[in-house]
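Engineer: Dock chain E against chain R, hints included.
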Amino acid sequence: MTYFLQQVVNGLQLGFVYILMALGYTMVYGVLRLINFAHADVFMVGAFLSYYIITRFHLGFLPAVLTSIVGCGILGMVIERIAYKPLRNAPRVCSLVTALSMSIFLEYFTALNFIFGPDYITYERPIKAIHWDLGGVRITNILLIIIGGSVLMIAFLYYIVHRTKMGKAMRAVAYDKDTARLMGINVDSIISLTFAIGSGMAGVGAVMYCLAYPQIWTFMGIMPGFKAFTAAVLGGIGNLAGAFVGSLIIGQIEVLTTGFIPSGSILRDAICCSVLILVLMFKPTGLFGKRE
Amino acid sequence: MKKLRSSSSWLPTLLFLLLVFGTMQFVSSLNLISVYWQQVFMSACIMAISALGLNLIYGYTGLFHLGQAAFYGIGAYTSALITYYWSRMGPKLPIDFLGLHFDLSMTAMFLLALLAGALMAAIVAYLIGLPVLRLTGDYFCIASLGFNVIVYVLFNNADRLIPVMKGARGMVGIPRWTSWPWVFIFTVLALFGMRNLVYSSVGRAIISIREDEDAADVMGIDTAKYRTLAFVIGSLYAGLAGGLYAHLYTFLHPTCFAWIKSCDPFLIVVFGGAGGMTGTIVASLVWTFILEGLRVLLPRGFESWRYVIYPLIMLMIMLFRPGGILGRRELGFLKPKGIEVARVERVPAAASAGSDRPEERGSKDVSSED
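Sequence order for the protein chains is R and E. Going by the numbering used here, the first sequence opens with residue -3, and the numbers climb by one from there. Going by the numbering used here, the second sequence opens with residue 1141, and the numbers climb by one from there.
I should point out that these hints are in silico values taken from the structure, not numbers from a laboratory. Be aware that a few hints might be false.
[Unchecked claim] On the chain E side, residues computed to face chain R include the following (Cβ under 10 angstroms):
no.	residue
1	1287
2	1335
3	1339
[Claimed, not checked] Sample of chain E residues lacking proximity to chain R, with all beta carbon distances greater than 10 angstroms (derived):
no.	residue
4	1165
5	1272
6	1337
7	1422
Yeah, the Cβ is synthetic: ideal placement off N, Cα and C, and Gly gets one too.
Same shape as in the complex, but just chain R (with noise of 0.2 angstroms):
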């Protein structure tokens, strides 16, 4: 029993680093219908840019955890302006090669030896990790340290998207673009805003993935990008709540199935995505989704 609450405890805490993530592909999937396959690389920049913080610089958590918020904001608003925006009245297919392009570019750019470089290298945690025993399940201060940064980074997005006259312009945008236009919204500075406001939160959660698990390259992004776009679209992508509850199920199913199942550390990205195959036969737009 504690050996399953350990686990419960663990997958929340890979569930609420997803969450961070997958908040910024259903965002812009949202405003653009685009699947923003470079955003996994804007994570990997927040780690790199928090690393070099903490390690060249040593000013600590915080000012890393805002430089990287600053600086994929900055790199997502850059992205969308380089790769989406001129091919926003061209087929869809098309963003979708460039956000492509722009995924496999800023992953071999960033991996030359004059930026990044090619290799793995260490985290060094800016917070010593500490233990408690909760009835033999162990919890450590950075589970709450990535729970409680979630939670407010959530706090904030609701804020942003239901209570400012921005959200309410976000909202718009989703809806109706053109209708959106119309009304005398400015729906490009919109769009930028919501790939800053997206890209800042995948920066927090590069920084929080990195405390839980201290090694970063620059091909990092590719799998949690993969599983948080997979909670995206099994919680219904386009919608905020479903990007949280997909996560949280993401977390849990991986987690569960590499404690419970033999072999289940190989065939958990296998399970993740047979049960998003099972669920989308059965909600085909997703948990949350409704259908357009």
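Structural biologist: Just chain E now, with coordinates in the frame of chain R:
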């Protein structure tokens, strides 16, 4: 509509194909180009077969398919397993008792293995298509991606079931039987098959699904059936290409069939122009030679820039030619001659401008899933 006629003359086509085949054969027999470049050319043709299959699924049917590498891998491993076992216990198999010459039986085995690989990919595609093809748009995309991840994980751990496949260590000991004539024959066969399919009534039905699925349904086209058909045939092509690949490089590793690799044929199809065969073939060649050419062109020490330059090229093409380099333009025998004649006869010039037949909408409107 008038019955679709084939190209007026087969002679230029035949001559062109003979020229390509002869030149390559001549050049490689005289060692004018190295074995490496022969392999590159062959792998370009193999990629073209796989991309043609994906072009049917994505370009003509409009299914966002990002799992072509899975079927490629299924074909590769299936055919490799057959020839692996056969080449180790060849004399024991009845095919030699029939009095066949060894080379002949080897050829027969090679063809059988390729066929088995292609069929296996098609069967798996049919089975996975039953649930997955009900999804639409991006949900199909992510499901096919998910399927690719599943297949990748299975390949990685296949050694638990079939030790010979060696899982993550990579399968070795596959006989090297793929040669230029075979690659050429299969590429041409694939091309002809695709051309005849696309310009048949089945092809019309498939294209109508891309243009407007609801309208096609209303017109009495069994869209579910034709979606499945396109998906299965496209995967068959991928399986065939996989079999050829396995016997060209004689080494199979699961990472060759990871979902990242599914992006390659997809990029090729969009790069060449989705819904065009000429574009797909040209793009496969250009794509392979850009990647391999950069290896040679880049100065020493800058080889890792290959994958930095290549996405930039893709980006530029998408920004400046969103319909792909050739769009839906077809060349030579791939041109739908009959349709053009029919249009000129039936439709006055003014009306044809607003016509919504896929050939005339041209390269601007490549995908219209929304």
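Engineer: Could you run down the list of hints and mark each one as holding or not?
Structural biologist: The hints, checked one at a time:
Restraint check, residue 1287 of chain E versus chain R: the minimum CB separation of about 7 angstroms is within 10 angstroms; hint holds. Interface hint at residue 1335 of chain E: violated, since its Cβ lies 23 angstroms from the closest Cβ of chain R, which is beyond the 10 angstroms cut-off. Because the beta carbon of residue 1339 of chain E sits about 23 angstroms from the nearest beta carbon in chain R, more than 10 angstroms, this interface hint is broken. Even its closest Cβ contact with chain R, about 35 angstroms, leaves residue 1165 of chain E beyond 10 angstroms, as expected for a residue assigned away from the interface.
Against the 10 angstroms criterion, residue 1272 of chain E falls within the reach of chain R, whose nearest CB is about 7 angstroms from its own CB. At the 10 angstroms boundary, the C-beta of residue 1337 of chain E stays outside the reach of chain R, the nearest C-beta of that chain being 22 angstroms off. Every Cβ of chain R is farther than 10 angstroms from the Cβ of residue 1422 of chain E; the closest lies at roughly 17 angstroms, confirming the non-interface assignment.
When held up to the earlier numbered hints, the structure conflicts with 2, 3, 5 and fits the remainder.
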